[in-house]
Structure formats: structure tokens, C-alpha cells
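There are 4 protein chains.
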Amino acid sequence: MSGNVIGERFLLLIFGESHGKVVGAVLDGCPAGLGLNEDDIQSELDLRKPGQSIVTTQRMEEDRVEIMSGVFNGHTTGAPIMMLIRNTDKDSRSYEAMVNSPRPGHADLVAKMKYGGFNDYRGGGRFSGRTTASFVMGGAVAKKLLRETLGVEVIAYSLEIGGVRAEGFDIDTARKNRYMNEARAPTAEVAEQMKRKIIETRGKGNSLGGIVECVALNVPLGLGEPIFGSLDSDLARIALSIPAVKGVEFGSGFASTRLTGTENNDEYYYDGDEIRTRTNNTGGILGGLSNGMPIVYRVAFKPASSIASKQTTVDLATRKEIELIVPGRHDPTVVPRAVPVVENATALVLADHAVRAGIIPPILGKRQ
Amino acid sequence: MSGNVIGERFLLLIFGESHGKVVGAVLDGCPAGLGLNEDDIQSELDLRKPGQSIVTTQRMEEDRVEIMSGVFNGHTTGAPIMMLIRNTDKDSRSYEAMVNSPRPGHADLVAKMKYGGFNDYRGGGRFSGRTTASFVMGGAVAKKLLRETLGVEVIAYSLEIGGVRAEGFDIDTARKNRYMNEARAPTAEVAEQMKRKIIETRGKGNSLGGIVECVALNVPLGLGEPIFGSLDSDLARIALSIPAVKGVEFGSGFASTRLTGTENNDEYYYDGDEIRTRTNNTGGILGGLSNGMPIVYRVAFKPASSIASKQTTVDLATRKEIELIVPGRHDPTVVPRAVPVVENATALVLADHAVRAGIIPPILGKRQ
Amino acid sequence: MSGNVIGERFLLLIFGESHGKVVGAVLDGCPAGLGLNEDDIQSELDLRKPGQSIVTTQRMEEDRVEIMSGVFNGHTTGAPIMMLIRNTDKDSRSYEAMVNSPRPGHADLVAKMKYGGFNDYRGGGRFSGRTTASFVMGGAVAKKLLRETLGVEVIAYSLEIGGVRAEGFDIDTARKNRYMNEARAPTAEVAEQMKRKIIETRGKGNSLGGIVECVALNVPLGLGEPIFGSLDSDLARIALSIPAVKGVEFGSGFASTRLTGTENNDEYYYDGDEIRTRTNNTGGILGGLSNGMPIVYRVAFKPASSIASKQTTVDLATRKEIELIVPGRHDPTVVPRAVPVVENATALVLADHAVRAGIIPPILGKRQ
Amino acid sequence: MSGNVIGERFLLLIFGESHGKVVGAVLDGCPAGLGLNEDDIQSELDLRKPGQSIVTTQRMEEDRVEIMSGVFNGHTTGAPIMMLIRNTDKDSRSYEAMVNSPRPGHADLVAKMKYGGFNDYRGGGRFSGRTTASFVMGGAVAKKLLRETLGVEVIAYSLEIGGVRAEGFDIDTARKNRYMNEARAPTAEVAEQMKRKIIETRGKGNSLGGIVECVALNVPLGLGEPIFGSLDSDLARIALSIPAVKGVEFGSGFASTRLTGTENNDEYYYDGDEIRTRTNNTGGILGGLSNGMPIVYRVAFKPASSIASKQTTVDLATRKEIELIVPGRHDPTVVPRAVPVVENATALVLADHAVRAGIIPPILGKRQ
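Protein chains in written order, with this note's numbering: chain A, 831 to 1198; chain B, 831 to 1198; chain C, 831 to 1198; chain D, 831 to 1198.
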């Protein structure tokens, strides 16, 4: 396999560059018989669009998805589903100027060296955050498949941006609010604080990081393949594939390193006929397998690398240090736009494991 | 592929159960011509052995590795290398008693349900920490290969145990000290503090978690395959495959979420002919590719699940809640023993990517 | 992986249906720095077009390929190359009529049952010979890569059609002639005989099979991975992926089963400094590895399934036997059109193995 | 993946050398709950043992299989099953003498060059026919799994040896007779003729090739993944992985190339409620999918390469041509011993596809 492929039985291959003709994905292994049309995917893609006030849009693309294969009479056929969006609003001139001035915090320099200078550097090319649109295309299908077959629901939100952290909310609140505010926060109140922080930071030509928390409900027990294909391994792998991610933790995560066994172990009890745990420090994954409790994990995003402040870099032509102000307008934080990406990435992993385990069958119903 | 396989070109398949006949591994794709004998592997396995005072050994196995194939005349041949250790000191009686009483924090219950009760439950079976010996077998070959071909060095240590955190040391200190003390700490001083904390906690029938930090030096620029096969994705994946791991972070990691772009971006400069960064907040991986700086990441381990204190669980036969004291003697923390596991896991990923990239060729030298 | 993916490091994922919007392919793992434009691919696709006199065209598509990603400034970038052609001349009406009348020799019935009736049945959908255009798209890149880096040349031709067999020609003759005649025969004489046979058979509403022979020159010694990834295994696998193929043989092949060891073994000799074999009964592959001699193999195509004669089939609605005359105009043999498909499929396998072996490096040259 | 791995969900990794310590296999992905012990595997391995009169045994190994992991309380657990046999009767001295004299028809020379001389050359090392014992170990599990869950039966036999071809028998005859005679022929009469031919040829220091035919009964409709993962692609791939195989054909195979469409198409009819075909020229696979009819294919074996006659080869030390008589006693044909190998290889592919398709579930029953 290769770096552009994820999943084993519900497999996604992604392609495209930021300023090329298209970004897209081929999803192979989707069961036949899932009702699917472009609106199912567009609605997820639209959530990834930048907001109006807190995030300064670099580009205003339509991002209209087209399904090019694998769907017939409104249903998936079992054949590969190719999806793409065309890149329309792209202005590559500033990148031509920067080709010898690698931006700090970006892949410009390593990409140039790894590919002998043949890489498409415009807009970050293959390393652009725009490639996450491909995650969403595949994830939108995964989400619908999980919802319709298993009732699985995946809910992510901005837990923290620039140190402003949401506290004391429940998952129902998060479900209802996260896409009602531009910060993708679980409550309107924290959204307002995050927004102020973002606007203030943007005003200084600087940027912020933050944490996306993701919860998956109704995941059946037993998903995951020990050891290297454990569910947390695969979620961590895809999370770290998202540009700007620097960490991931499950359940009590890094905080658990300061707890004792008696504090951190989740004790079992019978809830009617079902065995549940009183706490969920393990985050719904035990021994690499889903244990029937909500899956809970958090993804750390560094502050956005493109900033309007002066930074030192090198000039590859003159071999001297220079000062660089990255031109254009920048997202002061990627966290809000990453929320649907994390949701869809999570759905991709869960769908693959559910298909592998035979919990989702290869045909959904039968066509007359 | 499957849950027991990792790597693409330098591929490891692991097998075995805690109380079965063996634990072992098959390494496929190792270049031909690497000098290799059992001592190369044994020396790494020995580092994983429990210490004498701070960790109460559950079992005192010899853990003598045998190479069964793929090595001829003292060199690897290019054929699969099968390695194993025999399980000798195993007492499964206590597990028979517990078969209906799943231990909190262990995979007992999910394993039983996923495999219809056919799983080998003795000693945790396939979910035992003992399977990490297989990581080490493969990793020992990877380490030697990386060292001899690229000069890569991988150094892990206990950064923190039970809240006792090592501060203010450098990598040379850590290299020298980590295997000179039972806590696998980077300095003798913090080792002593960790040891006291461990002994104290064990005395209370409780357990501790902690953080292993891992540094890889001399990694060539450009390892990693964007996007899903990025170097951090693959390191995160294997780290989360180690039992008891609940999180992973690279460079400034979760702390970066509270920094600004100007604080977190690593600026470039020329160090003679080489381009380096003044800081290494990115932890040596940018855009999923190694950037030539030291790779730095941290792995969070939860407190050990097996504790001598009373816990509530369910009895699967009577369908009632019961109280359980896990019998036997327990490791009060897995962190020290995990240090060589993290090192070897890291080497596995780096070797696979170096082989994929053609940086390590398929034949090392030529035999007369 | 999945049924639509082939290759490990030079990986092709194909998609599309006969009467859908597109057929296409994503090629991942092509080294950066290969000069590539649409003409490189179009010229191979054009060879797959039906001829004018001997094969009755069912459709007259332009089949203009578009490269949508992975190429920048005229060179491959190392990122996935997505290519497609749009389906323009498609008339699906006759297929609507046949939806309950599976055509003998076609996948209509098994496809319907495997996919619960959700498959796109128009024009055979995913099972159409049209999907071989995707083989050619990927193969065209492979061919150019092999030619420019290793001087490898792949030459296929119609060895036999409807029992008319080419004899007594050499590879130079075949190279020169095969695309100069519609039968894709190695000599003009046998082309004429094949053509007469085809026209005569078509006149009777019947069809013919035949054999494509493929020769690869200048393949370096040592390609192939024993045992399951042997070069002949992978060539056989892709050959059998081509619709209508029912057999494959290497070197002396099935005829070798009637030879003795002394007759069939290829003896070694020194040709200057190079070791060669006097005969090539093994077809250039020994122990699954290329041995430096020309690779020679043959692919058996059954007679085309769509014929204008009356056949018995079943009516799935009435559950009765019926008589069927497949409507439309039909290729009386697929062999001539399969010649470039076999060439390109061969190139795909060789390129993947050359990349795996590091014989073709991940970057070709360096861009200023 | 690598050359030593086959299968996707029911995955076999094989290891070992002819004169090393062991040959063996790890089977990963076998459903939990299959009753399995060493006799199940031993009985298949015993069929691969050489006979007494027609084939001169080179070595008389016990070939006792040991299951080392993945089985508990007489059932598979869902964990990897490691199996091995120890190499006991090995005499490597003659190979030391031949290290610079590559045997014609063997992989000696290509292996030496591919692996820089580091390969284990003793007894052919990794390229020995002895590695097919590993196919049988995995295949024995596959066979039992297929039989117990789906009633699938796989029957192979020597269709032809040295030009002596079995004609006019049915599958029941073949099932009953094939392992009752040393030639593994479908009838006692043809077995006797084959035996005479073999003994006569051996007397001349020469060897014979032949054809193994394999029939799989009760294979459910729809196994196979179009296009590259088609059932015939995967069967061809594994068949060509068996040493000495030079061709494979399905159903009417190469003979179909001289038939017309009306002769070769299999017409449908209702057999009660089931749709069947009147003929089975397609060999049970249509469009790459099993169609519910018996799967029928043939595998061509070249004459055994090791012969007692004088042959010309090169001396790599002196760089001169020399004459070689391969020392030791030789199998005059590999065909009889290949019969169980083909059966078990076929079972491996069918089991993998049945598991992929979810037709065989991940747990067989439930343990009290």
C-alpha cells in the first residue's frame, strides 16, 4: 500500500493538490445498496467551509462534490466510488515567489527535498490542508453507512482553542450546538469566548492551536483487531494524518499517567442485561477493542503555521537567512475547520473495522 | 493484512500467547547481508526483563530467543526471519478461577465476547503485555540495521512515573543512564525518586502510570509517506499497539495547543551547509516527513491494571456484581519495562520507512 | 486491499463503469521526475481502439484521457496520478431490456447476485472490457518509466486467432509489424489470414478466441519476490484480471509438461562477461525471479461472449428458459484489442517490482 | 506485503529453508472456534510424502507438524496459528561443492545474484520445493474450515504425467482413487501407466513433467473480487507460486482459443429453483466470480530440473563452462507430490475469499 491509502476492506485512496485541477478520493469496498447521492457528501463538506467572522478565508471555493462512479440508481453498487471537487479559486502567484523561501512550520522544505524539487509547491500542493476535503468525501459515506446500519453517531467539537476550554457540558449539548457556531464549540458561551480569542490573535498577525474532542456513540463491542490493527492504533494513525495534528489521547489519556490503578480502572456492573463500566477512563477501547462504551478521544492541533508576522527562514538560492512574511490572508486557527475532518476520519476507521468484522454485510438489502 | 502485521516492506508478523508454548515473530523484508545472531536480539530482550527491587516479577522466564530461519553463516539472507522464545514459567491456575470474573482495565471481557469464548484467557493470552517481546525481537533487528547502515540511534527513557518527572537533562545523559537504573530514568537522581514512589505505591496494593519519551537521532530527511503513511501516523499507530498506552504526542505536542504560531514555528537557519531549525517544536517531523532534526515523541501509559486492591466486577455465570482481588504478584508500573519496547517499536517503523524509501538497499554489501 | 487495486509500491486503483460517467485510474507510487503528459497515455489508449474492417465497433468514443493530479510542470511529482476518460457514446437501452436475461458467457448473472441487484448492469458495468482502458492508463506510465530508466521494452502481439497461428517470425519483425495491422499480428501475412478468418466468423454471427504472446526485453535480473510475490505469480494474476482470459503460460509452458528434463532445462554459458542460457524454455523467469533473458509468456482468450446467434438463457422474472439474441454489434474477437492491454498490464507488474527492488529510485534526477 | 505472504483476511506468511532448522507458516485470520489439532494438518502433510517405488526419495523426514500458537482447548482462538516442522534428515555437503556451479533449471544463480551471495543455497534454500510444506500447513486449516462451514471439497489429481493422460473418468472416481496410488492419478489404470513411464524415465537419468487438475465442489456463488482480486487471478497467482509451475488454465482454457462463441458459451437453465449452466467451459468462474458450478482448473508442471544426466553450466569461480551431474537421488517428477499442494493452495484462496465475503463468519459457534 502507500501513503495515500487508508483502510483495508473499506479502503480510501485520496488524490489531488491544493492548486491543481481537483482534490478527490476513491472509496473502495463500500457495501452495495447504500442510498447515496451528492447531497450526502456535500452536507459534510459544507461544514468544513470557513466561517465568516472568526476565520479569514483564503479562498472562496464552491467545493461542489461530483460522484463519478460506483453509484447507480441512487445506491452504491459495490464498485469503487470516485468523488472529486474542482479547484476553482486559486491564485498561485505568491507561491512562485516563495519557492526558495520555505515557510517555517510548513512542509515546503522537506517536500522539496524528498521529491527532488518536482513536487507541486503551489498552496502547499499535496501537503495542503485542502487534502482533508478528501477525508471528508470518504468519511461522509462512512458516516451514512454507520448510521443506517448500526446507529453509530460520531460527534466532534472544539474542546479548546488558544487555551479557552469548554467545561461542564454533556454530549447532547455538544451534538446540538457544535455546528451552530463558527468555533464548532459544544456550547454557545464557550464559542463566544473562543471567537474573541481568535479575533484578538488574528489582529496581532498570530495564530492559535487547540484540541478537538471526538465521541462515537453506539459503537458495537469488539471492533478492532489486536494488536497492530487495534482500534486506537488506527484512530491514532488517521488523526496524525491530518495536517497540524501533534498528539492524540484516548479516555483519560495523558492525565491517566498521574492516576493510580484504583482511580483509573473502570469497574464493571450490570445495567439490566448489559455489562457496562461505571467510569469510562479507557475511552471505550480496551485491549484495542471497542468495549461498548462511548469512544472518546482528543486530537491536539498546533497553532496554524501561516502567520502574518515576520519570521526568519533561509533563501535556498542565495543560501542566506532572510525574513519572511507569508503573504495572503490566513486562518488564525485550523481547529474549527478540523472538527468535521476528525468526525469523518473517525467514521472511516469505524466503518472499515465494522466491514472487516462482518458486522456490516457486503450487501444492504436486495433490489427488486 | 491483519492486526498482527505491521510494516510494509520491512514487515513484522507476531504470534504467541502469554501462557501458550511460545511468543515470537516473523520479520520479512530485512535486507540480505546484515550480520545477525541471537545475542543481538537477546541483549534487547534482556532490557525488557523486570528489575529486582522496584518491580515485583510475576514470572522469571529465561526468555532465550532462538532464530529459526532467515539467517545463514551469520548474516541475514533476505528470507523471512522467524524468532521465538518459549514460555516456561507459567502458572495458569489463577486464571482458570477468574475466567468468569473479568478484571477491570483488562481485555478479558471484550476478548471473550469478540472470540466467542474461544480465546486463550490464561495470563491475558494474546492481550498480555508479554506480546511486546515480539516487538522487541523484530525491533532488535531494525535497530541494528538502522545503526549499521544510517547511524540512526533510538533512545527512550522514563520521562515521568507517578507524577515524578525528569527535568533538565540532555540526551547524552539519558543515553548513558537509562539502562543503568531500574526505573529506566534519564538521571540517577530522578530514578531514585521514581523508585521510592513505585515502592510506596506497591505497598498500598496500587499502581502507577507514566510517560516514556523517545528520541531518534540521525534520521535522514524525508522518511515518511504522505498522507496516511506519514511517519508520525505510523509511529502513533505502533505506540498505541503497546498495551496500556493511552496517548502519544510529537514535539511540543499537547502543549503546542496553547502556544501561538510565532512561539511554536521552528525557524530555519544555515548550520554550515545544512539547513536546521533553531527550535524543534515539531519533534523532527513536518508534513509527516522527517526533517533531519531529532525525532522526539512521548507515549502515555496508564497505571497498571492488575492491582492487589479490591475492585468491583461482574460474575458472568451468576450475572451478579462481585468483588475481586486479582491474585498473584503485580508490576506496580509497566513504564520501566516499556522503555525498550518503545525504542524497538520506533526502530521498526523507521527501518520500514528507510527500506521503502530505498535509503537502505535490499542487499548490504556482497558476499565473496 | 481490494479487488480494484494492484501493485504494492507502484500501485494502481481503477474505477468506472462502461456506461457510467467515466473510467479511470489512480496511480500511486510513481517516482517523481518522470516527464509525462496526456499524449504519453493517449498514444497507448489509441492502440486499444477497434479497427475499421475486422472488428465491428460497438461504440465510437473519443477516449480522450485527462490527467487530473500528480503531474506538475510536465513531470510527475510523486503524488497520486489520477487519470480518466469520459464515457460519451453510450446507449444503454438494450441493456434495460436484458436486465432479466443474463447473457451466456458474461458476468451478468453472478454480478447481479453478488451485489444484490445493485450493480450497474449497463454495458456490463464494472465487468465490461472497457475497464481495461484503466489498465492502459496506468500501464502507459509504467511503460514510459521502464523505458526511460531501464530500457525495458514490452512487445505483445496476436500469436493466434481462431486457430490461425503465427510461426517463424522474430521479435524485431513483431515489434515493427504488430501495430501496422488490425489483427495486431507479428507479420503482415498472418495478419491477412487472421483478418479473413475474423470476417468469415463475424458473418456467421459467431466469434473467435486466440492467444496473445508477450515478450519483455532488457528486464534486469532479480525482479520478483519469492514465493507468492514471484514475478510469474504477479504476471499471471494481472493477466487473469483481463476479461475473457482463461489461461496463461510462461516459456515452454503447457508444452513443457511433455518434455523431459534434458530437453527443457536451459543450460548456462558465458556470453562475454554475462551468463546467459542457450535456450529460454523457462521464459525468462526462474524461481519466480527474472533471470536476465527475455520474459516470454502467453495469454489465452476465449471467444468473445457476445454473439449475434441465438442462445438459450433464463428469464429471471418468469423463471423460464428463453432464447436470446444479444442486440447490438459485437467484436467478433477481443484478441487484437487485448494486445496493448497485455503489454500495459505487463509493464505495470514490471514497474512495481522494479520500484520495490529499488532498481528504479523514488526520484528521477533533480529539478533546478 | 511481501513475497512470503498470501491472502488478505485469511492470511498466510511462510518461512523456512530446505536445510535450515524448520519450515513453517503463520496463519492469521482463521475464525475462532474451528476444532483443530495436529492430526488435521499431519494427514495432509503425509499425502505430500514421496511414494516408495515411483519416486526416489531424496530425504526421509518425519515431517511432524507442531502447532505452536493460536489453538487452545482444541479450537482455534482467532489469534495467529504458528505451525512448523523441523528439518532433521539433511545432508548439505553436496551443495557446498555446487555453490559455484548453478544447476540448470534451478534458481541457484538468480538467487545468488539477487541476494548478493547471502542466500542459504543448501538444498535450494528458500527456493526448495520443500517450502510447499508451508502451503500445506495453511491449506490444511483452510480445507477443514471450508468443509465444516460450507461443505466445500477440493479434489486434485495427476491428469497427465510424461504425456500419459487420464481420460474418461468422473470426479467420484478421482476422489476415491487419487490417494490410493502413488501417481495420484484419478484411476488405477492410468496410475499404472504413469508409474511405468516414470520408472522408465528415471532409469535414463531423466525426468518428466505433467498436469495437475483441480476441482472444487460446492463453492458458493459470488466468491472473488473484481477485477484484480478475481478468483481466477488469485488461484493463478498461488499456482504460479508453486515451484516448477509454468502455466495455468481454467475450464476449457487454452483449448477455448480454438472454439467459437457458440461452442464455448455456457447456456443457462433452471435446475429446479437453481440456475445452472449446461456446460462448464468457464470452469466455474465468470467475470472473476464463482458462478456456483464446479471450479475446474489445470496447472502445468515442467519436468523436474534435477536430473542425473550430464548438463553444461558455468563455474562462477573460473568463469568457464563446465559439465555438471547433479549429485544425489532425484524425484523423476514432482507431479504426484504436487497434487496435495495444489489442493491445499486452492483451499487457501477459497477460504480467504469466503472470509472476505463474510460467508464464513469470524466466530464459529460459541463456547460455553
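It is worth saying that the hints were derived from the structure and are not from the lab. Among the hints, erroneous ones may be present.
A pair holds if it fits inside one copy or across any two, identical chains being indistinguishable in the list.
Said to hold, decoys possible - Under the rule of at most 25 Å between Cα atoms (straight-line distance), these lysine-lysine pairs were calculated in the BS3-like manner:
1) LYS1006 x LYS1034
2) LYS851 x LYS1140
3) LYS1196 x LYS942
4) LYS1150 x LYS920
5) LYS879 x LYS1140
6) LYS942 x LYS920
7) LYS1006 x LYS851
8) LYS1196 x LYS1150
#### Entry: Hints breached by this structure
1, 2, 4, 5, 7
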